[in-house]
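Participant: Protein sequences, first through last, are from chains L and P. Using the working numbering, you'd call the opening residue of the first sequence number 2 and step up by one each time. Using the working numbering, you'd call the opening residue of the second sequence number 563 and step up by one each time.
Don't read these hints as lab results, they were simulated from the structure. Fair warning: there could be bad hints in the mix.
[Claimed, not checked] Cross-link-like lysine-lysine pairs, in silico, DSSO-like; alpha carbons within 30 Å at most:
#	chain 1	residue 1	chain 2	residue 2
1	P	Lys823	L	Lys288
2	P	Lys851	P	Lys659
3	L	Lys71	P	Lys659
[Stated by the list, open to error] One-sided excerpt, in silico: chain P residues whose CB lies under 10 Å from chain L:
#	residue
4	Cys607
5	Ile686
6	Ala718
7	Glu721
8	Asn750
9	His759
10	Val774
11	Asp777
12	Pro817
13	Lys823
14	Pro827
Model, not experiment: these values are computed from the prediction. For every residue, glycine included, the Cβ atom is placed at its ideal position computed from N, Cα and C.
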Amino acid sequence: MPWTKVYLDKEDFEKASKLADQGLRGFTYRDAIKEALTQMLEKDESVFVMGEGIDDPGGTFGTTTNLHKKFGAERVFDIPIAENGMTGVAIGAALAGMKPVFVHMRVDFLPMCMDQIINHAAKWHYMFGGKVNVPLVIRSIIGRGWGSAAQHSQSLQALFAHIPGLKVVMPSTPYDAKGLLIASIEDGNPIIFIEHRWLYEQIGHVPEKIYTVPIGKGIVRKEGKDVTIAATSFMVYEAMKAAAVLEKDGINVEVVDLRTLKPLDEDIICESVKKTGRLIVADTGWKTCGIGAEVVATVAEKALKYHRRC
Amino acid sequence: MTISYQVENTNITNELLIQMYSTMLKIRMFEEKIIEVYPVQDMQCPVHLCIGEEAIAAGVCLNLKKEDYIFSTHRNHGHCVAKGSDMKLMMAEFYGKKTGYSKGKGGSMHMVDPENGILGTSAIVGGAIPLAVGTALASAMKKDGRVSAAFFGDGAAEEGTFHESLNFASLKKLPVVFVCENNFYATNSYISARQPHNDIAKKAESYLIPSVQIDGNDVVAVYEEARKAVERARAGKGPSFIECRTYRWKGHVGPDCDYEKGCRPKEELDVWMDRCPVKTFEDFILKNKSISEKELQQLKANIAKELDNAVSYGRTSPLPDDKELFEDVYA
Ligand SMILES: Cc1ncc(C[n+]2csc(CCOP(=O)(O)OP(=O)(O)O)c2C)c(N)n1
Ligand SMILES: [Mg+2]
C-alpha cells in the first residue's frame with residue numbers, strides 16, 4: 002500500500018507520487034495531525050483541544066494553527082502555564098465523558114505533570130475496578146533545535162512506557178500520524194502521543210477520510226533477511242538510510258517501525274528476528290532502561306533461539 | 563506617561579545613580595550585541611532577550627552582595643550581568659564553548675556562576691523559584707546572613723511551584739526576595755488569557771508576604787523597593803514580593819520583533835518604548851548633571867570594547883571535546 006511506504010525526502014516522494022495511482026493525496030506530517038484534530042472536532046462534540054499557546058500564530062509547529070477560529074475558544078483554547086493542575090483538569094473532563102487532547106510543545110514539560118499522569122490518569126481505571134476511564138490524549142514533541150540544552154531536548158518515551166495504564170504512541174509517517182491520533186482519541190485510555198519535530202515536514206500519502214491505524218501494531222517498512230532494525234519515530238528514516246547504504250555492501254536489512262511502544266508489538270519483532278537472526282534497536286531516547294533494552298529483553302525472552310552469531 | 567524618578571529623601575548618591583545607569587546600559591548593549599552577531603548563525607542557541615526590562619535586574623542586584631544568591635529563568639542575561647558575571651564567559655557559553663560558564667553545555671538559558679551567587683538558571687517555567695527558597699533555607703540554617711532573590715515572569719505565577727514556594731517561605735520567614743517581572747506575556751499569550759486578574763502582587767499578599775506592585779521600568783523605584791526587601795530579609799523578617807510591571811521589546815525568543823507576525827499590537831510596544839528604562843534614565847542623570855556627556859560617551863565606548871572582546875573570546879574559544887559529552891553526569 003502506498004501509504005505504508007516511507008519516503009526519505011520530498012524528491013523521493015515526488016518520484017513515487019508520479020508512479021502512484023491517481024487520487025492519492027500527498028500531505029505533510031504536520032497537516033496530517035492538524036487534519037486528524039479538525040476531523041475529530043467536527044465529528045465528536047466531546048473532543049476538545051487545550052495547551053499552552055496553541056492559539057498563537059505559530060500554532061504548535063503549525064499543527065493547531067487557527068483551529069480556535071474554526072471551532073471557537075470553548076473547544077480549542079490556550080491555558081495557564083500550570084501543567085500538573087491542567088492535566089488533572091483534563092483527566093476530570095475525561096472522566097465526565099469528554100475527550101481532551103492536551104498539547105505540549107515539548108516532552109520536557111511533561112515531568113511537571115508526572116503526578117497527575119502516573120498517579121491519576123494511569124491508575125484511575127484499574128484502581129476503581131474498571132468502573133471509570135480516562136480518554137485523554139497527551140500530545141508532546143521530542144527532538145532538538147539549535148543548542149536547546151538539557152531541559153529542551155529529551156526523549157522521555159521510556160518513562161511513560163514503564164507505567165501500566167498508559168499507552169505510548171510514536172508515529173513516523175504522515176499516514177500513521179493521522180490514523181494513530183484518531184485511534185488515540187477514540188481509544189478510551191490515557192495515551193502519550195509523541196511526535197518528533199524533525200518529522201513535521203515529512204510528506205506521504207494521507208487519505209482524506211477519517212481512518213484509524215491500530216494502536217499496538219508495528220509495521221515492516223522494508224523487508225530483509227540479514228538483520229532487523231527495530232526503529233522508533235525519526236529513527237525509522239535513519240534506519241532506512243542505513244539500510245540503503247548497507248545494501249551496497251550486500252547486507253540486506255529489514256526495518257521494523259514499532260509505531261507503538263506500549264503495548265509493544267512483540268510478534269512483529271520476534272517474527273522478523275526469527276528470519277534475520279540479528280537485531281539492532283534504533284531509538285531517540287537513552288539506552289539505559291530504555292526502549293532498546295525493552296526490545297532486546299523481549300527478544301531474549303521470546304526469540305533467543307533464533308539468534309545467529311555473526 | 564514618562565518616568566519621574568524619586569531620588570529626594572533617599573540615600574541614593576551620585577555614584578549609585580551612575581552604577582544604576584551603567585548596569586542597565588551594559589545589559590542593553592549586551593543584548594544588542596547578540597542581535598548584531600546572531601545572523602552569522604554561529605551562536606547556536608536560543609536567546610531570550612530582556613531589552614526593555616533592564617531596570618529590574620539593575621535595581622535589584624545593586625542591593626545584593628557578591629555572595630547573595632540569585633536564581634533566574636530562560637530570560638537571564640540581564641540578571642547575570644547585573645550580578646557581576648563576566649560577559650566574556652557568558653558569550654563563550656552562548657557560543658557553546660568549553661570556556662563558557664557551563665562548559666558549553668548550557669547555552670544562553672543555563673548560566674551558572676557560583677562565585678557571584680548564581681547557582682544555576684532554569685528554563686522550566688517556575689522551576690527555579692523553589693530553589694531560591696531552598697538557598698534561603700540553607701542561609702537561615704547556617705546563619706550566614708545571605709539573601710536569595712528569585713527572578714521569574716508573570717507566567718510562572720501560574721505554576722504550582724510559585725504558590726508552594728511562597729507558602730513555605732512565608733511560613734518559615736526565610737530571607738528571600740521574590741521578583742516578578744510582569745511583562746504581560748508568556749510567549750505569545752497575553753496575561754488575560756491565563757490569569758483572572760493581572761495583579762500578581764495580590765497573590766503574594768494572600769501568603770502574608772509584604773508585597774508591592776511597581777513600575778519595573780523605573781530603576782530608582784525598583785532599587786528602593788529591593789533595598790527595603792533585602793534589609794527585611796537580612797534582618798530575619800522574612801520574604802518580600804516585588805511585582806515589577808514592564809515589557810519586553812523583542813519577541814519571546816530570538817533577535818526579532820514579533821508584532822509583524824501578529825503576536826501583539828505595535829501600539830502597545832510603542833507606548834513602552836517611549837518609556838525606555840535606559841534612555842529615560844540617561845536623560846535624567848544628564849539633566850541632573852550626575853554625569854557629563856563626555857563621561858557617558860566614555861562609558862559606552864568602554865562597554866562596547868568589552869563586548870567586542872567578549873564576542874571574539876567566545877568565537878575563538880575551543881569547542882568541548884566529544885568525550886566531554888559524557889562528563890559531568892555525576893559529581
Ligand atoms: C514548565 C514549562 N512549561 C512551558 C514552557 C515553555 N515556555 C518557555 S518560556 C514560557 C513563557 C514564560 O513566560 P513568563 O514566565 O512570563 O516569562 P517571560 O518569558 O515573559 O520572561 C513558556 C510557556 C517551559 N519552558 N516550561
Ligand atoms: Mg512574561
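Participant: Now, for every hint given, state plainly whether the structure supports it.
Facilitator: Cross-check of the supplied hints:
no. : hint                 : in the structure
1   : Lys823/P to Lys288/L : violated (41 Å)
2   : Lys851/P to Lys659/P : violated (42 Å)
3   : Lys71/L to Lys659/P  : violated (47 Å)
4   : Cys607               : holds (3 Å)
5   : Ile686               : holds (6 Å)
6   : Ala718               : holds (7 Å)
7   : Glu721               : holds (6 Å)
8   : Asn750               : holds (4 Å)
9   : His759               : violated (13 Å)
10  : Val774               : violated (23 Å)
11  : Asp777               : violated (24 Å)
12  : Pro817               : violated (13 Å)
13  : Lys823               : holds (5 Å)
14  : Pro827               : violated (13 Å)
Checked against the numbered hints given earlier, the structure breaks hints 1, 2, 3, 9, 10, 11, 12 and 14 and satisfies all the rest.
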